[in-house]
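Going down the list, the sequences are from chains P and F.
When the letters of the first sequence are read in order and numbered with our numbering, they come out as residues 1 to 206.
When the letters of the second sequence are read in order and numbered with our numbering, they come out as residues 1 to 206.
There's no promise every hint is true.
Since the list can't tell identical chains apart, any single copy or any two copies may satisfy a pair.
BS3-like, lysine-lysine: derived pairs with alpha carbons at most 25 Å apart [as the list claims (entries may be wrong)]:
1. K44 - K130
2. K49 - K182
3. K111 - K78
4. K49 - K111
5. K111 - K80
6. K198 - K3
7. K49 - K144
8. K44 - K144
9. K44 - K3
10. K182 - K130
11. K78 - K128
12. K44 - K182
13. K3 - K182
14. K49 - K198
15. K198 - K182
16. K111 - K3
17. K128 - K49
18. K80 - K49
19. K130 - K111
20. K78 - K3
Because the hints were derived from the structure by calculation, they are not lab data.
Protein chains: 2
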Amino acid sequence: MIKLYFSPGACSTASYLALEEAGADYSVERVNFAANQQQSPEYKAINPKARVPAMVTDRGVLTETPAILAFIAQSYPKAKLAPLDDAYAFAQMQAFNSYLCSTVHVAHAHKGRGTRWADDPAAIAEMKRKVPESVGACFDLIEKGFDGPWAMGGSFTVADPYLFTLSGWMEGDGLDLSRYPKVMDHRRRMQERPAVQKVMAAIAGS
Amino acid sequence: MIKLYFSPGACSTASYLALEEAGADYSVERVNFAANQQQSPEYKAINPKARVPAMVTDRGVLTETPAILAFIAQSYPKAKLAPLDDAYAFAQMQAFNSYLCSTVHVAHAHKGRGTRWADDPAAIAEMKRKVPESVGACFDLIEKGFDGPWAMGGSFTVADPYLFTLSGWMEGDGLDLSRYPKVMDHRRRMQERPAVQKVMAAIAGS
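The shape of chain P in the complex, shown without the other chains:
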């Protein structure tokens, strides 16, 4: 059975939501970031990167949200969470997920994880200052390219839980939400889904 290691508010929410949407048989375990549990020897034995998500499968541990999301879609094909029979459409979905991972999440991370790329407190403060602008530019691009109702158009895919997870950081990143009506509409549509309500309640109570 699948076991997902997650932290409330982290990008692991995307994988959590995808597992629920897939109808997967899975369990979850919270990694306590406040206690720095992700750096414990026990957790680093599971994920040497000391981050979430990490997903334990019968075959071994998977990391990296885009890889986990595609794996969930491929492992539960009846849930139709990706265009599995169309390499081009699948690649478009992967490109969207890769952009969220390597550009949007990274821009956001300069707010709270600046020590990854600098030690000087002044530099870390300067990175933090620019987050509304850099994350804002990412969501400008997403908003402009959004056809809806879902991230990839007419069909719900694993890109939707991922977008929903990262768009949940927009207020905290100081963005003016009124600039992003399509992204906000997507958020509302996601919040109406039973799987999303179930998982968000479980995370809030974890």
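Assemble the complex: chain P is given as a structure, and chain F must be docked to it using the hints.
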């Protein structure tokens, strides 16, 4: 026919190499970064992100290296560039590519692209200073997890051109190459491949 937009030395080399390894029918066009051509209206009509790679297909434009690499592997299955019939092994390959994209490349980008995340010159200089440490930590993890002879073990995959491309930045990032014997061995093995020799010569002459 496929057309790849690339820039010498950029991460687009990974896609260029994968197309050649796949035996694809493709053409390439150099984007002149020195002339800031990636910001031209003509190029931004192809890729609004103003970056390389961008790959034009019969269906439309694909961006993001991990997505392009998986697409190439799926589109040319006879070349056996990914474990297409094993979702878990495919996910491990994707996790490796995602790590290269969102962590290794991002750490490297703080050397020359610091303006993405800060405006203050002192902060940009501080980011640059930390690159040997942050990129070094990434390659420590890759070196430790490397079973070889290829990135994913016994079989050559699209992860190999990607690793080869990013490991080519190690000297410029100030890393002590002697700390990474497995990654260096991988580099030498890649350089022996005819497809690699052909593409690297074409890029050098572009």
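Results of checking the hints against the structure:
Proximity of K44 to K130 under the C-alpha cut-off of 25 Å is restricted to the inter-copy arrangement: shortest distance 24 Å between copies versus 32 Å within a copy. Only between protomers do K49 and K182 lie at most 25 Å apart by alpha-carbon distance; the minimum there is 19 Å, versus 34 Å within a single protomer. Taking the shortest Cα distances, K111 and K78 never come within 25 Å of each other, neither inside one copy (39 Å) nor across copies (45 Å). In the homo-oligomer, the alpha carbons of K49 and K111 lie at most 25 Å apart both inside one protomer (20 Å) and across protomers (22 Å), since each shortest distance falls under that limit.
For the homomeric pair K111 and K80, neither the shortest alpha-carbon distance inside one copy (35 Å) nor that between copies (41 Å) is at most 25 Å. Taking identical chains as interchangeable, the C-alpha atoms of K198 and K3 lie at most 25 Å apart only when both belong to the same chain, with a minimum of 17 Å there against 45 Å between chains. Within a single copy, K49 and K144 get their C-alpha atoms only as close as 34 Å, which misses the 25 Å cut-off; across copies the closest is 12 Å, which meets it. Taking the shortest alpha-carbon separations for K44 and K144, only the inter-copy value of 13 Å comes in at or below 25 Å, while the best intra-copy value is 39 Å.
Taking CA atoms no more than 25 Å apart as the test, K44 paired with K3 passes inside one copy only; the shortest distance there is 16 Å, against 42 Å between copies. In this homomeric assembly, K182 and K130 come within 25 Å of each other (Cα to Cα) only inside a single copy, at 24 Å, whereas the closest approach across copies is 38 Å. Proximity of K78 and K128 under a CA criterion of 25 Å is satisfied in neither setting, with 42 Å inside one chain copy and 47 Å between copies. For a Cα distance limit of 25 Å, the shortest separation of K44 from K182 across copies, 22 Å, qualifies, whereas the shortest one inside one copy, 39 Å, does not.
For the homomeric pair K3 and K182, neither the shortest alpha-carbon distance inside one copy (33 Å) nor that between copies (32 Å) is at most 25 Å. With identical chains, the CA atoms of K49 and K198 are never at most 25 Å apart, being 29 Å at best within one copy and 35 Å at best between copies. Taking the shortest alpha-carbon separations for K198 and K182, only the intra-copy value of 24 Å comes in at or below 25 Å, while the best inter-copy value is 46 Å. Within a single copy, K111 and K3 get their C-alpha atoms no closer than 29 Å, and across copies no closer than 37 Å, so neither meets the 25 Å cut-off.
Taking CA atoms no more than 25 Å apart as the test, K128 paired with K49 passes in both settings, with 23 Å inside one copy and 22 Å between copies. For a Cα distance limit of 25 Å, the shortest separation of K80 from K49 qualifies neither inside one copy, at 30 Å, nor across copies, at 29 Å. Proximity of K130 to K111 under the C-alpha cut-off of 25 Å is found in both arrangements, the shortest distances being 8 Å within a copy and 17 Å between copies. When the C-alpha separation of K78 and K3 is checked against a cutoff of 25 Å, the pair qualifies only within one copy, where the shortest distance is 20 Å, while the shortest distance between copies is 34 Å.
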